[in-house]
Amino acid sequence: MMIRVSLFLVLFFLFIVEGTVYQIFAPNAGEFDYQVIPRWMFMLILFAGIFRGRANGLFYAVIFGVIYDIVYSSTLGIYTFGMGVIVYLLSISIPFFKRNLSMTIIIVIVGVGLLEYYVYGMMILLGLTEMSNDEFLSVRFLPTLLMNLIVLAVVAYPLRIGFLYLEKRLGELND
Amino acid sequence: MTPFFSNKRLIILLVCMIILVGLIGYSMSDRRDLSWPEQFVQDTVGWVQSAFSGPSHIAAGFFESVSDMRNLYEENQVLKSHLDEYATIQVEVNELRRRNDELEGAIDLKEDYDLMDYTVRSALVIQRSPDRWNEQVGINKGAQNGIEENMAVITSEGLIGKIDQVSQFSSTIQLLSDQDILNRISATVDADEAVQGFIEGIDPETGYLQFTKINIDVELENGQTVVTSGLGGVFPRNLQIGEIVDYEYDEFGLTQTAYVEPSADFYQLDYVMVVERSADKLEEDIDPDAEGFGESENEDNADSEESNNESGDEDS
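Protein sequence lines, in the order shown, are assigned to chains A and B. If you read the first sequence in this note's numbering, its first letter stands for residue 1, the second for the next number, and so on. If you read the second sequence in this note's numbering, its first letter stands for residue 1, the second for the next number, and so on.
Hint data in this document are derived by calculation from the structure and do not stem from the laboratory. Be aware that one or more of the hints could be misleading.
[What the hints assert, rightly or not] Here are the simulated SDA-like pairs of lysine to any residue, each with C-alpha atoms no more than 25 Å apart in a straight line:
id	chain 1	residue 1	chain 2	residue 2
1	B	Lys8	A	Ile63
2	B	Lys8	A	Lys98
3	A	Lys168	A	Gly127
4	A	Lys98	A	Phe8
5	A	Lys168	A	Phe8
6	B	Lys8	A	Ala55
7	B	Lys8	A	Leu14
8	B	Lys8	A	Asn133
9	B	Lys80	B	Ile58
10	B	Lys8	A	Gly171
11	B	Lys8	B	Pro37
12	B	Lys8	A	Leu89
13	A	Lys168	A	Phe97
14	B	Lys8	B	Ser29
15	B	Lys8	A	Ser93
16	B	Lys8	A	Phe8
17	B	Lys213	A	Gly127
18	B	Lys8	A	Ile92
19	B	Lys8	A	Gly127
20	B	Lys8	A	Leu90
21	A	Lys168	A	Leu14
22	A	Lys168	A	Val66
23	B	Lys8	A	Asp175
24	A	Lys168	A	Tyr157
25	A	Lys98	A	Tyr22
26	B	Lys213	A	Tyr165
27	B	Lys8	A	Val62
28	B	Lys8	A	Tyr157
29	B	Lys8	A	Val66
30	B	Lys8	A	Asn56
31	B	Lys213	A	Ser102
32	B	Lys213	A	Leu128
33	A	Lys98	A	Gly171
34	B	Lys80	B	Asn100
35	B	Lys213	A	Glu130
36	A	Lys168	A	Arg99
[Said to hold, decoys possible] Among the chain A residues that face chain B by a calculated CB cut under 7 Å, a handful are:
id	residue
37	Asn100
38	Tyr117
39	Gly121
40	Met123
Every residue, glycine too, gets a C-beta built ideally from N, C-alpha and C.
Whole structure, please, built from the sequences with the hints as guidance.
Structural data, given as C-alpha cells:
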C-alpha cells in the first residue's frame, strides 16, 4: 500500500517544503536582487510523466495544480491548466528518454521554463504585474532555471533509480 | 501517422481553456469569499504546513541568534541609554492619560470606543507563496479564531498588511508590498496638521511604499512618521507604517506622492499579530444607489419618481 502512494507523498512533501521551509531560508527580495523560484514538485511530476507514463503524469499535474492554485496563488486555474498541458505535452515516455538521463534533464528543464514563461504571460494578461520582459528574463527566469537545473542535476540519477525500483515493485504487486 | 492533435484532443483542450477562463473570472471578482472546497484544501494543507514551519522557524531563529550575539554588547549600551528616557516619558504619558480621561468624562465620551483602541491575536506564519507574483503569507488562525477579512496585521515593528482570504482554521495576509491595485490603505502623517493619503503598493526598485493622493498644499518633511488613519473601515488608528524618505509631485501635478520606508520587515516573518478594532466597523451594505439619491435629483423620468416614492415611504 505504502509503495502505491509513495510518489504522492513525496510530491506533497515537496509542495509543503516549497512554501514553508524554503521560504524561511530563502534569500530576501530586499537584499538579493534575483528571484529564485523552486519548481521541485513540478520537476518531479515531469519525471513521473516520463517514467510512469502520460496518464500518470497528467493525474498528478492536475491534482497538484489545483492545490497549488488554491493555497499559493490568488487566481484559480492558472497552474492547473499550465501544469496539465505542459506535462501532457512533455511526457514522452519512450525507452530512448528513459535510458538517456541527460535527455530527461533537458526535457524537464524545458518544462520548467515553459511553465515559468506561461505564468508570467498570464500575470501580464491579468494585470497582476508590471514587470517588463527583459527584467523578467534577467531577474527571474534565468536564476530560477539555473537553480532548478543544479538541483535536478544532483538528484536526477538517484531519482531514476527510485523510479525504476518503483516500477519493479509495482510490477510485482500487479502480478 | 495520425496528426498530433486529433479532433477529440482539440475539443478537450478547448473545453479546458473555457474552464480556465471561467475560473479566472470567478476568482478575479472582488469581494469573493472562499468556497468550501477551497477552505477544506487550505485548512488541510495549512495544518501540515504548521507542522513544518514551526521547527524551521526555530532552526532559523537559532542561526539568527548566533549572529546576534556578536553585537549584543553594543545593543545593550544603546538600550540602556533609552531606558533613562523611558522613565520620563512614562510619567508624561500617565499625566496625559489622566487628563484625557478627565476631559473625556467632562463631555460624556466615555461610552464610545476610540479609533485607537484595538485588541490583538497572535498567529504563526505558516507559508509564503513560492512563486513571488503575489506578496501573500498564510497564518494558522482563521474564522474559528475570530479572524475576519480586511483586519490589519502588524508585527512589533509596524504594519505589514491586511487579511485577504479567511478560511476556517487558516487565512491569508496580503502584505503592503503586494502589487494588487485594490491593495490600498488609508494613511496619515503624524504631524501638526492632518495629512491624508493612501498607501498604494511598493516601488519594486527602491523597496519604498508609495504614499499617494496627498494634498498639494501640504508641506512634507523627510523623516516624518506615517501611520494608519483608521478612516478606511476596519483598521484602528495610529498603527505605524514607516518614515517618509522622499516626496514629489505626482505625474499630473495635482497631488503629492511621498515614498515611505516601511518600518516592518516583510521578510523573515514568524509571529504576527492580527488587529481587531474596538470601534464599530463601517456598515457593509451602505449602497448609494439603493436609496436613489443621485437619480431623483437629476432625472425626471418615471424611474426617478418611483425611487422618490420609495425613499419617501422609508422616511415616513
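Each hint tested on the structure:
1. B:Lys8 with A:Ile63: Holds, at about 22 Å.
2. B:Lys8 with A:Lys98: Given that 25 Å is the threshold and the Cα spacing comes to 28 Å, the pair is violated.
3. A:Lys168 with A:Gly127: Since the Cα atoms of Lys168 of chain A and Gly127 of chain A sit roughly 48 Å apart, the hinted pair is violated (cutoff 25 Å).
4. A:Lys98 with A:Phe8: OK: Lys98 of chain A and Phe8 of chain A at ~21 Å, within 25 Å.
5. A:Lys168 with A:Phe8: Answer holds: Lys168 of chain A to Phe8 of chain A is near 17 Å, not above 25 Å.
6. B:Lys8 with A:Ala55: holds, 16 Å
7. B:Lys8 with A:Leu14: Distance of about 34 Å is beyond 25 Å: violated.
8. B:Lys8 with A:Asn133: violated, 35 Å
9. B:Lys80 with B:Ile58: violated, 28 Å
10. B:Lys8 with A:Gly171: violated, 31 Å
11. B:Lys8 with B:Pro37: violated, 30 Å
12. B:Lys8 with A:Leu89: holds, 15 Å
13. A:Lys168 with A:Phe97: Holds. Lys168 of chain A to Phe97 of chain A sits at ~18 Å (cutoff 25 Å).
14. B:Lys8 with B:Ser29: violated, 32 Å
15. B:Lys8 with A:Ser93: It holds: about 21 Å lies between the C-alpha atoms, which stays within 25 Å.
16. B:Lys8 with A:Phe8: violated, 29 Å
17. B:Lys213 with A:Gly127: Holds - the C-alpha atoms of Gly127 of chain A and Lys213 of chain B are around 22 Å apart, at most 25 Å.
18. B:Lys8 with A:Ile92: holds, 20 Å
19. B:Lys8 with A:Gly127: violated, 33 Å
20. B:Lys8 with A:Leu90: holds, 19 Å
21. A:Lys168 with A:Leu14: holds, 24 Å
22. A:Lys168 with A:Val66: violated, 30 Å
23. B:Lys8 with A:Asp175: The hint is violated at about 33 Å.
24. A:Lys168 with A:Tyr157: Status holds; Cα separation ~17 Å.
25. A:Lys98 with A:Tyr22: violated, 30 Å
26. B:Lys213 with A:Tyr165: violated, 63 Å
27. B:Lys8 with A:Val62: The hint holds at about 19 Å.
28. B:Lys8 with A:Tyr157: violated, 37 Å
29. B:Lys8 with A:Val66: Judged against 25 Å, a Cα distance of about 24 Å means the pair holds.
30. B:Lys8 with A:Asn56: Given pair Lys8 of chain B, Asn56 of chain A holds - Cα atoms ~20 Å apart, limit 25 Å.
31. B:Lys213 with A:Ser102: Given pair Lys213 of chain B, Ser102 of chain A is violated - Cα atoms ~56 Å apart, limit 25 Å.
32. B:Lys213 with A:Leu128: holds, 22 Å
33. A:Lys98 with A:Gly171: Holds - the C-alpha atoms of Gly171 of chain A and Lys98 of chain A are around 17 Å apart, at most 25 Å.
34. B:Lys80 with B:Asn100: violated, 30 Å
35. B:Lys213 with A:Glu130: holds, 21 Å
36. A:Lys168 with A:Arg99: holds, 16 Å
37. Asn100: violated, 22 Å
38. Tyr117: Where the cut-off is 7 Å and the nearest Cβ of chain B is about 13 Å from Tyr117 of chain A, the hint is violated.
39. Gly121: violated, 12 Å
40. Met123: Holds, about 5 Å.
Violated hints for the displayed structure, listed by number in ascending order: 2, 3, 7, 8, 9, 10, 11, 14, 16, 19, 22, 23, 25, 26, 28, 31, 34, 37, 38, 39.
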